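From first to last, the protein sequence lines are chains A and B.
The opening residue of the first sequence carries number 1 in this note's numbering; numbering runs sequentially from there.
The opening residue of the second sequence carries number 1 in this note's numbering; numbering runs sequentially from there.
None of these hints come from the bench; they were simulated from the model.
Careful: at least some of the hints might be erroneous.
Said to hold, decoys possible - Only some residues are given here: those of chain B computed to face chain A with a beta carbon under 8 Å:
1. M243
2. V301
3. T373
4. K379
5. A436
6. L470
7. L475
8. S483
Said to hold, decoys possible - Per label pair, the in silico range of CB-to-CB distance:
9. L192/A to K354/B: 24 to 30 Å
10. P160/A to G276/B: 24 to 30 Å
11. F445/B to R211/A: 54 to 60 Å
12. P349/B to I143/A: 41 to 47 Å
13. G44/A to D208/B: 34 to 40 Å
14. G276/B to H64/A: 39 to 45 Å
15. I351/B to I79/A: 57 to 63 Å
16. L192/A to Y355/B: 55 to 61 Å
17. M191/A to Y355/B: 28 to 34 Å
18. I477/B to T97/A: 24 to 30 Å
Note that the structure is predicted; figures quoted are calculated from it, not measured.
Quick reminder that beta carbons are idealized off the backbone N, C-alpha and C, glycines included.
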Amino acid sequence: MEEKGGNQHIRRFGPYRIVEHLALIVIFLVLAMTGLPQKFYHLGISQSVIVILGGIDNLRLLHHLSAMLFIGLAAEHVIVNFVGVTFMDWEPSMLVTLKDAQDSFQNVRYYLGLTHEPAGCGRYTYKEKGIYWFVLIGSVQMIITGLVLWFPVAFTRYLPGIFVPLSKMVHTSEAMLIFMLVVTWHIYDSMLNPDVFPINKSIFTGYIGTRQMKRLHPMESATLREEGSADQVDRSIPV
Amino acid sequence: MKRSKGIVAAALVLSLAIGPACGVNQGFAQEEPCAVLNRECLACHGRDDAVKKFADGSVVKTYIDSQSFAKSVHASLSCHDCHQDFTVTSHPERSFRSRLQYRTVESRRCRQCHPDDVIGARSIHETLLRKEKSGEAIICTNCHSAHMMSRVGAGSAAKSETKHCLACHSREKVKKFVNGETVSTFVTPGDILNSPHKDIGCTDCHSDFSSARHPDNRYGSEREYRHSSAGMCRRCHYDKYAMVAENIHNAMLSAGRLDAPTCVDCHGTHSISSLGNDRLSIVRKCAACHKEVYSAYSRSVHGGALFNGNNRDVAICTDCHTSHNMQAISSIDFHDDIPDRCSNCHSNPVIMGKYGLSTDVVKTYLSDFHGMTLSLYRKETWKHYGPPPAMAVCTDCHGTHDIARVSGSDIGQMKIKLMKRCASCHPGASENFPDAWLSHYRPSFGVAPMVFITEQFYRIMLPLTITGILFLVLLDIWRYFRSR
């Protein structure tokens, strides 16, 4: 892959990751669009959304349908990657390691002006890992509490009734936290960040420029160079 | 009766010189000419033993009560202004066949000042004028009296009309209906005088009747007659009538149920009452038909306080059902309005403060699943989406007429009851299920501590995380440009 100025393109994501991410965007947006008006139901804009989508019952139906897709996506992600990493020798590149702690410490020093070198990160930066695990754990919380709210009668056969209001509290608060985290950090990191502005397209196209690769993921870039092939698809890509 | 005195003649000359109508010349002479003339007439007409005889033997008293005359609307006129043939010096002897003929002739004098087109504007006069054309005589003094004339409605004219009607209606008689039922036509004058209608006359309500007209209206039954009376009330109380036209009782009537109540069934007939402040009476009026509801209400926390302590704060029938536009309780609109009805009192801190009750009940309801859903249903234009399903409202858990006190009741019993109520919409609800509802409490360390701690955790975490991230973003941008 050749681009003007000699900036080669390296394949970073296979179609599996691209489709998975696209599916997550769509489902996340539908869940947010049908969930937030329920939390802030007294606002005029929420009521407009509710009316446009055919009333609160239809809105809940849409929320439940997209929740089912979300549960499917989350289950698929966990199972496929667990099997891949455990039995198929995929690189566990999302696992948090000591290196991430060191990188974050290095970056604190960098921000404070104590060093001129930012942390040299591997395939995923400690920031990307942070948001990944935050969203993954949050999703498990959302799925469990969401199911309690969806089937309160069934759950209260085995659990005390208080778990219903507790689930509601966790579900709505955690949703806000994840939503705010995604719209602030993820949007900044992959779109507004001066390094990638206007957008880091690698998760959509599957390719990343070598310069950007070197700047954003210097360690992985070095590994690929050592192996002698920029075209070689990285080992964590299962498809 | 003829008298002649020098002083009177002088006064008369003076009065004629000033003008024919004394009333407009007041304050001209030292003593008002009218007063002088009237006093001269009263020298004889102030005696209450004199009468005038008519050809048929009937008589009329010639006595004039000067004090009553002074209070009448004609107080500023002289005797001569109406009795124009008579002056101090001239008192012609006239003969009449009867008292009736005399009064008919005298009534013509009234109409010199009160022309037909002016008096004809009132329906009662219009009817009389129409009758006059067909040969019946109009006698103004029948209603307005002779020397104490006043406007109808100001009291005495109505009294005079009432007197006319009571001539017959103070006797025990009955009106028969086609089906054989009867109703007493006896009217106790005190009933009206003690009612808000004390200043209006019989024909103001019974408008197709007058001293000259008494139609024999025929009704199939007593109920039919009662319902026809609503038309009388409508003439003045149109606002109430319009509400009644939309209510459930009227819908029953339209369906042929003559037992449906009408105005007089609640408000009474001649002893009419607005019932406004008498809350106990209102409940008893409804109880006349709604006996089972009444007995359930008597056992409720509201009814108990009303009957035992005459508590004026507790809800009575009309507070929830309204007094005139009561709707069918089976309608979804009525059901969905219930939280509003309860909140009229239960979110009023002044009323609730007296009894140590929380005003949070409505807010906590509205912020939870049922209240939120219901408030959204009510905003939806359900023409587009079809009627929404019923959502649990206050009465679905607390009951309707037999609402019981919550504090101090047996918690175990209450939970079993509540579980049954939950299960009616949530089939299979277990005994844990009602605990999903925090019983109108806001989470705190005492109530639902787990929920409270979670709430506080996120209340701190959310702003802290977002502020931290925004700080990091700014730091990142700043460092990027600094290191370039």
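Hint by hint, which ones does this structure get wrong, listed from lowest number up?
1, 2, 9, 10, 13, 14 and 17
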